[in-house]
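If you read the sequences in order, they're chains A and B. With our numbering applied, the first sequence has no gaps in its numbers, which climb one by one up to 431 at the end. With our numbering applied, the second sequence has no gaps in its numbers, which climb one by one up to 431 at the end.
Honestly, I wouldn't trust all of these hints.
As the list makes no split between identical chains, a pair holds if one copy fits it or if it spans any two.
[Stated by the list, open to error] Below 25 Å or equal to it, Euclidean Cα-Cα: the simulated DSS-like pairs (lysine-lysine) are:
1) K176 with K257
2) K126 with K10
3) K176 with K189
4) K91 with K326
5) K10 with K326
It should be emphasised that the hints constitute simulated quantities derived from the structure, not laboratory data.
Number of protein chains: 2
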Amino acid sequence: MKTIKVSIAGLGVVGSGLLSLLDQNQRFTRQGITFEVVGVSARTRHRERPVDISTYSWFDDPVEMANDPAADIFVELIGGADGPAKSAVIAALEAGKHVVTANKALIAEHGAQLAALAEQKGVSLKFEAAVAGGTPVVSGLRDGVAACHVTAVSGILNGTCNYILSTMAEKGADFDDVLLEAQKAGFAEADPSFDIDGVDAAHKLVILASLAFDAAVSMQNTSIGGIRHITLEDVRAARRLGMSIKLLGEAKMQEERVGLRVTPALIPQADPFAKASGSQNVVTVDANPLGRLAFQGPGAGAGATAAAVAADLGLIARNIKGPTYGVAAEDLRDLPILPVEDFENSYFIRLNLQDEPGALAAVAEALAAARVSIESLYQPPGDEGQASVEIVTHICKAAAAQNAAGALEKQPFVLGRPTVLPIILP
Amino acid sequence: MKTIKVSIAGLGVVGSGLLSLLDQNQRFTRQGITFEVVGVSARTRHRERPVDISTYSWFDDPVEMANDPAADIFVELIGGADGPAKSAVIAALEAGKHVVTANKALIAEHGAQLAALAEQKGVSLKFEAAVAGGTPVVSGLRDGVAACHVTAVSGILNGTCNYILSTMAEKGADFDDVLLEAQKAGFAEADPSFDIDGVDAAHKLVILASLAFDAAVSMQNTSIGGIRHITLEDVRAARRLGMSIKLLGEAKMQEERVGLRVTPALIPQADPFAKASGSQNVVTVDANPLGRLAFQGPGAGAGATAAAVAADLGLIARNIKGPTYGVAAEDLRDLPILPVEDFENSYFIRLNLQDEPGALAAVAEALAAARVSIESLYQPPGDEGQASVEIVTHICKAAAAQNAAGALEKQPFVLGRPTVLPIILP
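In isolation and in its complexed conformation, chain A is listed as follows (with noise of 0.2 Å):
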C-alpha cells in the first residue's frame, strides 16, 4: 500500500466532500492507495462542516501549508483568480509539490504561468474540477483527442444560468423575480455577476480552449455577454421556434485564427445541450478526424467537485506524468485571434415596435441596409399598441447582425433595445 500525504486548502463545501470521499474510499485501497490528509486550512478553523476536522493539522496560513514538507499534493480549494490561492499554489509549486485545484478562476488567469512553473520543478498541476465538475472534459481534451485537430469547444457550462433560464420558461417569470428567488434558494450568489455576466463560463471556456487548442488563450480574447438582459419575451419567443435560450461559451478555431465567445443562444430543444438544465453541464468537441464527442454530467456540486479533485490525486499517485496542457506551457501556441464579429451563426433578433404604418417595412429595409437577409419573420398579435416582432436571419457574422440592430435601435419607432442571439443548430 502506498500512501500519499495532502493538504487541502478551502474547506467549504467542496473541501468537506473531498475528506468525506478521501476518508471512505475503497476503489483507491483497490488500487494499493491511501491517501492521508496531513494538513487542512481555511478562513475560519470552527465553523459547522458536515465532517470532523479536528483531527487533522491545522493551518491559519494556506501558504504556510503550502511550504510544509509534510505533503506530497498540495489542494487548492480556496477559488479566486489571485490572493491567497495564487500565493499558495506558487509556493506548493516552487517547494516541489504537486497541485491539484478546483479553481477555474485561477487556471483561466494565470494557467500557462503556473504550468510553466510546474514543470520546471518537475511536479503536476491538475485542474479536472475546474470546468464541469465532475464530468472528465478536462482529461478527454488532453488526453482523448491527443491525436486529432480540435475545430471546435462548446459548453454549457454555468449552473445558475441554467437555472435562471429554465425556470423563466418554466413559470413564465420575470428575470429578476427569478434571480431574487434564486438567491434565496441558495442557487445564486448574494453577488450573482460572475455567474449571470459570464465571467464564470468564460473562466471555462478559456481552459477548454487552451486544452483543445495548444494555446494561450486569455479572457481578454473572450467576447463575454450575459444573460441580464434576457427577458420572458424573449423566452417566450424562443420556445415558439422550439428552441431554449441558455449561456453557451464557444471556442473555435477557423484558418489558424481562435474565437472564443460566451453568450446566450437559441438552441433546438432536441439538441443535448438543451438537455442540460440545473447543475448539468454538456460539453461538445469537434475534432479531425474523430467526429463530434460530446459529454455531460454534473458541473458542480460537493460530490462531483470532489469526485474530480479525487480523480487528479488518483492520476498523480499513480505516477501519471505529462505537461498540464498535454504540450508543455511553453510550447502553447500565441494564435490569432479570430474576432468575435467574424462569428458566422442565424441570428435571432427581437424586436419591441411602437405599431404604427409603415413600422415593419422600416424594419425589413433597416436589414437589407446592413445586409443581413431575413429567413423569418413573425409578429405576435400585440397589445395596445405595441408589437414584438421576432426575427430569424440567414447566416451572417455577428457584425452585420449587431450593426443591424444598432440601427434599428435608432429608428424612433423601436422601443428600448433588441435582442440579438446566436441560433446555434447542430
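Starting from the structure of chain A, add chain B where the hints point.
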C-alpha cells in the same frame, strides 16, 4: 523531439486511418513526439488501400513483427478473440513491448490475463478504441471516476443494431428486409450475427464492467440477447408509447453482486440513449458521489477508431503508465453474479392474440398468476380475427415477466412468441 517506433498489424480501414493520422499529425509534433512506423503486417500485402504502404517494412507474420526489436509499441488491429491477434499480442508483451489494440473480443475474453502479463513485464496494454470507438469511455472509467463507487454502466454500443432498428421505425420495414439492405449498403457484415445477436455489444459491456467495478467479469457471466426477433409491430408499439427500441448493454452492481445484460429495450425518445443513431454510441456511468455521466460520440469508423488508437499511443509516448484496469490485473475482484432474472424493470410485453371472447381476460389472469401487475394495456384496432395486445407492467423482476410470457405462449389463443422487453426509464 522524442521518436516512438510503432508497428501495426492489420491494415483494414482502421489501420489505414491510423497510418494517415500518424503521417500528418501536427498535434503530437507540438507535444514533442514523432511516431515512426517501423513495420506493418496484414493478411494481404497487395490490395487497394487508401494509403501507400510500400515504404513500410512488411511482415507476413504478425507474431514475427511482434518479436521484432525495432518497435516500442505493437498495435493490434487484426481482430478476433483468438488466433493471430492473441498470439501476436502475447508475443509483443513477452518481448517487452507496449501494446495498443482496438480488439474488443480479445480484451473481453482475455483482457485480465493479458493485463497481468503486461504488468509483469512493466509495459502498457491499452484499448481505448475497443469500446465506443473514439469516445473516451475507457479512460473515463479508469481515471475519471477513479475515486467513485460505480453502481452502473450502460451503453448503446452497436451501430449495426442502431441502423437496423431506426430504419425499421423510419421506413416501416421488416427486420429481414432492412438487414438485407444494410448488408448491401455495407452497414452490416455478410455474417451479421456478432452484431445483431448482441455479441459485439456484450464484448464491449464486459470491458466497461471490468473497468467500472474493478472486477474480473466475463462473457459467460453476461446475459446476451439480440434483435433478430424484433418485429415491425414491436417497433410501432414502442413508438406509440413515445419510445424507441435500442440494443442496450447494462452492467450494474447491487449489494456487491455484478449483473450484465445485453438486450433490446424500450427507451423514452427524450432520453440521450434514444438519440444514439447510426454509428453514434452513448455510454452512461452512475457513480457515487459523482452522479451520472454521459459520453456520446462516434462508435465506429476509420477516423474515430484510429483517433482512439492514436490517443493511447500518445499516453504511452508521454510515459503515462498505470495498470490496464486502474487496479492491478491480479487484484481484479471475483464478484458474485447478479443473475439476469433479478434485474428489475417495467417490462413491455406484446402478444398476438386470436381475437376470441375471453382471450383478454385469460391474458390478464396469466399475468396475475405470474404476479406481474399491469400498468397499462392497449389493444389497437386489429384485422382478420387477430389482435395485438401491448402491455406495460409495473416494475418486476425479469424472471416474473419471462414467466408470464412463457405461460401466455402456451395458451391456445396466443399466436407465436410474445415479445418481452425491459423499459429503461431515466
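Alpha-carbon proximity context of K126 and K10, limit 25 Å: within (18 Å within a copy, 29 Å between copies)
K176 and K257: within-copy, between-copy, both or neither at 25 Å Cα: neither (34 Å within a copy, 37 Å between copies)
Up to 25 Å CA-CA - K326 versus K10, copy category: both (17 Å within a copy, 21 Å between copies)
25 Å Cα threshold - placement of K326 relative to K91: within (22 Å within a copy, 30 Å between copies)
Within, between, both or neither, where K176 and K189 count as close if Cα-Cα is 25 Å or less: Within one copy only: 17 Å inside a chain, 51 Å across chains, cut-off 25 Å.
Violated hint: 1 only; the structure is consistent with all others.
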